[in-house]
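S.K.: Sequence order for the protein chains is L and C. Under full-length UniProt numbering, the first residue of the first sequence carries the number 1, and numbering increases by one thereafter. Under full-length UniProt numbering, the first residue of the second sequence carries the number 1, and numbering increases by one thereafter.
Treat the hints with care, as some may be off.
[Said to hold, decoys possible] With a straight-line cut-off of 30 Å between C-alpha atoms, the simulated DSSO-like cross-links for lysine-lysine are:
hint: 1; chain 1: L; residue 1: Lys656; chain 2: C; residue 2: Lys121
hint: 2; chain 1: L; residue 1: Lys352; chain 2: L; residue 2: Lys440
hint: 3; chain 1: C; residue 1: Lys352; chain 2: C; residue 2: Lys450
hint: 4; chain 1: C; residue 1: Lys63; chain 2: L; residue 2: Lys628
Rather than coming from a laboratory, the hints here were simulated on the basis of the structure.
2 protein chains.
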Amino acid sequence: MEEVDHLAHERSKTQFDVAAMKIVWAGSKHEFEISDRVSRLVASDPVFRKDNRAVLSRKELFKNTLRKTAHAWKRINELRLTEEEAWELRFYIDEPAFTDLHWGMFIPSIKGLGTEEQLQKWLPLANTMRIIGCYAQTELGHGSNVQGLETTATFDPKTDEFILHSPTLTSSKWWPGGLGKVSTHAVVYARLITDGQDHGVNGFIVQLRSLDDHSPLPGITIGDVGMKFGNGAYNSMDNGVLQFDHVRIPRDQMLMRVSQVTREGKYLRSDVPRQLVYGTMVFVRQYIVFNASYALSRAVCIATRYSAVRRQFGSQDGGIETQVIDYKTQQNRLFPLLASAYAFRFVSEWLKWLYTDVTQRLQANDFSTLPEAHACTAGLKSLTTTATADGIEECRKLCGGHGYLCSSGLPELFAVYIPACTYEGDNIVLLLQLARFLMKTVSQLGSGKKPIGAISYMGQVEHLMQCRCSVQSVEDWLKPSIVLEAFQARAARMSVTCAENLSKFSSIEEGFMELSADLVEAAIAHCQLIVVSKFIEKLQQDIPGKGVKEQLEVLCNIYALSLLHKHQGDFLATGCITPEQASLVNAQLRSLYSQVRPNAIALVDAFNYTDHFLGSVLGRYDGNVYPKLYEEAWKDPLNDSVVPDGYHEYIRPILKQQLRMARL
Amino acid sequence: MEEVDHLAHERSKTQFDVAAMKIVWAGSKHEFEISDRVSRLVASDPVFRKDNRAVLSRKELFKNTLRKTAHAWKRINELRLTEEEAWELRFYIDEPAFTDLHWGMFIPSIKGLGTEEQLQKWLPLANTMRIIGCYAQTELGHGSNVQGLETTATFDPKTDEFILHSPTLTSSKWWPGGLGKVSTHAVVYARLITDGQDHGVNGFIVQLRSLDDHSPLPGITIGDVGMKFGNGAYNSMDNGVLQFDHVRIPRDQMLMRVSQVTREGKYLRSDVPRQLVYGTMVFVRQYIVFNASYALSRAVCIATRYSAVRRQFGSQDGGIETQVIDYKTQQNRLFPLLASAYAFRFVSEWLKWLYTDVTQRLQANDFSTLPEAHACTAGLKSLTTTATADGIEECRKLCGGHGYLCSSGLPELFAVYIPACTYEGDNIVLLLQLARFLMKTVSQLGSGKKPIGAISYMGQVEHLMQCRCSVQSVEDWLKPSIVLEAFQARAARMSVTCAENLSKFSSIEEGFMELSADLVEAAIAHCQLIVVSKFIEKLQQDIPGKGVKEQLEVLCNIYALSLLHKHQGDFLATGCITPEQASLVNAQLRSLYSQVRPNAIALVDAFNYTDHFLGSVLGRYDGNVYPKLYEEAWKDPLNDSVVPDGYHEYIRPILKQQLRMARL
């Protein structure tokens with residue numbers, strides 16, 4: 001690919017079939033081929049360049065994003081890309097834009113909440129982008145508590161219309177992406193009021209802007225919420241603020257699949273199960289987990305390659321210094337993140353299956369697996385996004401000082417990723433939801449109701465409460481059954497302890513409030529167990545390619561054992577392992593790191609990321625870091641002139657002791 | 001101060017004398033009065049406004065920083081500020097600038113490394129800013145490993161000059177603040193070469209730019225390294241790149257206090273102890289710890305006030321919702337950070353004393369305490385900066401979605417702070433240095449050499465290896481002696497275990513490499529013990545003011561017990577506490593959180609930060625968050641026009657299906 005390859009020596013040490021691993025990572029040969037082709041298409045198109053994002057002003061950045069989205073849509077049509085390919089194209093363009101919400105939230109919510117007629121009317125418009133939509137739920141005063149939204153939609157039977165209104169400042173819609181400057185329409189969530197009665201929050205399709213000249217329609221105040229964290233990053237998105245002043249829409253723009261308002265203003269509920277909403281949440285959250293594996297793997301790819309390029313200390317007599325990737329402190333921080341990237345990839349694959357399974361059951365009116373699937377997806381969204389956000393920043397630190405430069409790509413990767421910890425459910429709120437489900441499961445254990453799905457291990461609670469870990473040697477920690485049982489026992493014991501402590505409170509709600517920090521920890525233990533168990537299950541499948549399975553086994557062990565070490569307090573406090581067994585974990589980890597070391601570069605090559613997608617001088621495929629860092633520096637606007645703007649007004653008067661008279 | 005005070009109700013609940021606490025926080029009445037006066041002076045001066053930093057382009061931002069520094073210097077002279085007041089003024093302007101390096105590194109290194117004559121010559125110029133200097137040590141290829149620097153300074157006896165040269169790309173100076181665009185001079189670190197012999201790294205005063213027109217002198221290539229993490233943040237600093245092409249300087253610009261080169265080119269070492277260098281490091285690092293307490297307390301102040309303003313969930317029948325600060329999950333994350341801010345303040349106070357003590361001893365040729373002071377300061381720099389960086393990001397998350405807006409102040413606070421984890425010693429490298437000292441101390445225990453200073457607890461190693469924690473009830477965890485012993489036992493046992501494991505390796509260096517992750521953990525345990533013990537010592541002093549000491553006791557307990565919980569794996573694995581005792585920690589923590597809760601706002605008010613310094617809409621003193629957030633949004637450049645720039649070129653053609661013909 002490139003002329004020099006400073007990492008060729010590293011690549012020559014690889015002990016497995018990288019091409020085969022690429023397919024494992026992508027999910028299938030088909031998925032690999034699409035992502036490979038589309039990512040190269042994006043990388044080779046100059047319109048999609050992104051190396052200048054950090055120095056663009058907000059307006060320049062935003063206009064350039066509009067250009068990219070238009071060009072992307074043009075290419076999608078010219079090349080007659082399939083829906084899957086179009087999705088990949090937008091993904092590899094790697095720039096948050098209003099189209100994310102149009103395709104990812106606006107259209108899906110119409111599909112999910114609209115009647116047949118509504119689908120007939122709106123989908124053709126949206127699918128051809130003759131209208132552009134966003135998803136206006138969150139308000140200035142309410143995020144997590146959706147039931148507390150204040151925007152009202154009051155039915156006026158005289159005109160057969162709803163009147164949308166923002167009664168307070170805090171009822172302003174706030175945050176919706178694509179709202180601020182672009183969307184012509186929105187699915188707006190508002191309290192439905194008929195005849196003075198509040199029926200709670202419902203969705204409405206509302207036109208926001210004129211299709212002729214893009215000006216906001218009468219009664220609508222709309223703008224951008226302002227700069228967000230980071231250079232470039234999410235500032236390419238027009239997260240918006242919106243206020244309604246008695247805006248009227250026809251009655252048939254209420255999304256009426258689940259509940260209806262008749263011409264007479266009567267409120268009705270259809271027999272469509274409300275649980276459908278949870279099905280959508282499972283879909284969105286499994287996609288977030290999938291994205292977590294991408295974001296983390298990008299950061300890990302950058303940090304791993306640079307750690308092999310960077311040398312520091314350890315030279316004998318002025319000879320060549322040690323690659324920093326050879327330091328155990330570096331391995332100890334980096335390799336668990338590499339393992340996590342793979343772990344999250346596989347658990348997201350499983351969640352995709354889970355979503356399909358739940359959907360098929362819902363269509364057959366089987367709701368039995370939904371609560372567990374919903375709770376588990378919520379927990380995994382929380383676990384993986386928190387670990388990914390922290391992991392990206394850790395990768396930045398692993399790159400030393402140079403990781404602080406925008407040209408390393410890591411600052412932007414962090415800034416653009418962290419909203420995932422908050423949107424679609426605040427991570428702590430989600431863990432508490434999962435904890436409620438865990439407590440309910442524990443409380444029903446005596447009733448003979450068998451726990452199903454990812455929590456079925458609770459069925460063996462009696463065994464798990466008293467089992468003893470049989471590890472006696474370093475090698476014992478490589479046995480999947482032993483590792484799995486330790487994680488199961490820890491999760492079960494933490495849940496049971498919480499349930500026991502809860503029962504000491506006079507009210508369950510008071511107990512829940514008081515013990516919430518413990519409940520969060522129990523939920524995390526449950527989630528980590530799921531990720532470990534799905535990684536282990538993946539390895540029970542047939543995986544072709546020389547050495548591929550062996551590498552994945554090493555990574556699976558690193559993932560599990562590094563968690564075991566990090567959370568050894570849980571395992572020890574619940575008596576799941578002994579201090580001696582805990583110290584054997586450490587010894588085994590060191591040995592595993594040595595096994596990964598020669599394959600580290602190949603394991604990140606297997607992600608198959610183009611240099612365009614990585615967007616990092618430190619993470620370049622060819623390892624040609626220093627000359628490129630140097631080259632990048634001179635592109636900064638401050639280097640346009642040798643003597644900086646401001647020298648004559650501010651620096652010279654200081655040096656010449658002429659400040660007293662200066663006008664500043 | 002303000003007309004509305006949405007937090008008045010919170011303030012009315014305070015159980016202690018806030019004015020007295022302000023003095024405790026500031027260190028003394030004198031220090032409080034200066035910081036109070038100077039911070040108000042800065043806040044009231046429109047030149048120092050900083051609320052627009054996030055939207056300024058790099059060039060605008062930089063020019064504005066030049067303006068601020070010139071104005072500050074003008075004010076310092078007009079008002080005849082003392083050195084202490086001038087320092088505070090620059091601190092409260094709160095914008096990284098070349099002056100930080102001029103006053104903080106250039107002048108101190110001349111003072112530390114220059115001869116009497118050199119001081120006579122250079123200090124008057126620098127102190128009046130007739131020259132502006134920076135500190136050019138780090139290179140593109142070498143940061144942590146200072147001995148690996150590649151820049152050369154070769155003595156030419158013919159002309160009595162040194163020739164400074166950058167022999168490779170990686171030898172380019174890279175990162176020095178103030179270098180890129182402003183400094184006229186630098187202290188440059190280069191390998192001293194005389195007569196073909198390399199004498200290692202020495203400092204040289206080098207003029208970089210013409211004092212007439214600011215252009216770089218012949219043979220000097222100089223520029224800015226480019227954009228760094230975040231909006232505003234450190235981009236106001238001209239971190240620079242510098243290359244020398246055989247640049248000649250007079251021999252007397254080598255800093256010659258520690259070693260000299262004679263007219264004949266002979267290399268000599270003076271009898272000035274080289275340990276002086278370590279004294280300087282202790283100074284710089286104790287100042288970093290001091291700054292950590294400031295940065296963390298700012299973030300905590302913002303998150304605490306906003307947590308009292310923000311309400312979510314918990315309303316009964318549409319009534320008022322629960323303040324998020326009342327949720328135990330919020331308290332469990334926020335209050336340990338509040339306690340950490342105070343803990344770091346007090347440990348930095350102690351480090352300041354330690355530095356003074358070490359300096360006095362050095363002057364009396366007593367080097368006995370230096371190694372311990374050096375190791376301990378290195379460790380505390382690492383501990384406090386890592387905790388502060390993580391803590392700022394945690395505070396941002398505690399503010400939910402709105403924390404992601406630049407107007408919350410938290411993104412910039414994070415971006416501007418995180419370099420502290422890397423500069424002046426990478427945090428992991430520093431912990432490994434401390435670990436070496438710990439291992440040395442353990443190895444000498446048998447020799448009868450008594451450990452002194454913060455590590456003197458190791459003198460009781462026999463007791464600490466076998467003592468048992470006597471906690472039997474929740475209240476027992478409030479006893480300082482019990483808490484202290486638990487932390488001492490954990491630290492001692494972790495160090496001793498490391499030392500035992502090290503002894504199993506054939507070479508100590510091999511063992512150090514292999515066990516470095518464990519050594520880092522032992523070093524952290526040692527540092528946490530120091531912070532806990534200095535907090536406890538502080539409380540043994542007389543502290544005036546109603547309820548002040550009681551509040552600090554609660555915070556001290558929260559600091560210690562939240563660490564105990566977070567690291568319970570260490571305490572359990574080393575047998576310092578039992579699982580039952582660990583669970584009592586949790587129960588006590590919940591009770592402590594309830595005691596802090598009514599005082600939380602007052603405890604952050606005690607930092608005495610102006611709204612200007614905080615720079616956060618969420619952290620406003622008056623709690624008037626939502627109207628101000630709304631107001632701020634409209635200031636974004638994207639809101640200059642209702643229809644965004646780019647509509648006609650990119651949005652309209654999509655909507656009108658005219659993309660095929662469009663030129664993008």
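S.K.: Now tell me, hint by hint, if it's right for this structure.
M.R.: Comparing the hints with the structure gives:
1. Distance restraint check for Lys656(L) and Lys121(C): the Cα-Cα separation of roughly 18 Å lies within the 30 Å cut-off, and the hinted pair is therefore satisfied.
2. For the suggested pair Lys352(L) and Lys440(L), the alpha carbons sit about 25 Å apart, so the restraint of at most 30 Å is met.
3. With a C-alpha separation of about 24 Å, the suggested pairing of Lys352(C) with Lys450(C) holds against the 30 Å cut-off.
4. Only pairs whose Cα atoms come within 30 Å are accepted, and Lys63(C) paired with Lys628(L) is accepted, the gap being roughly 27 Å.
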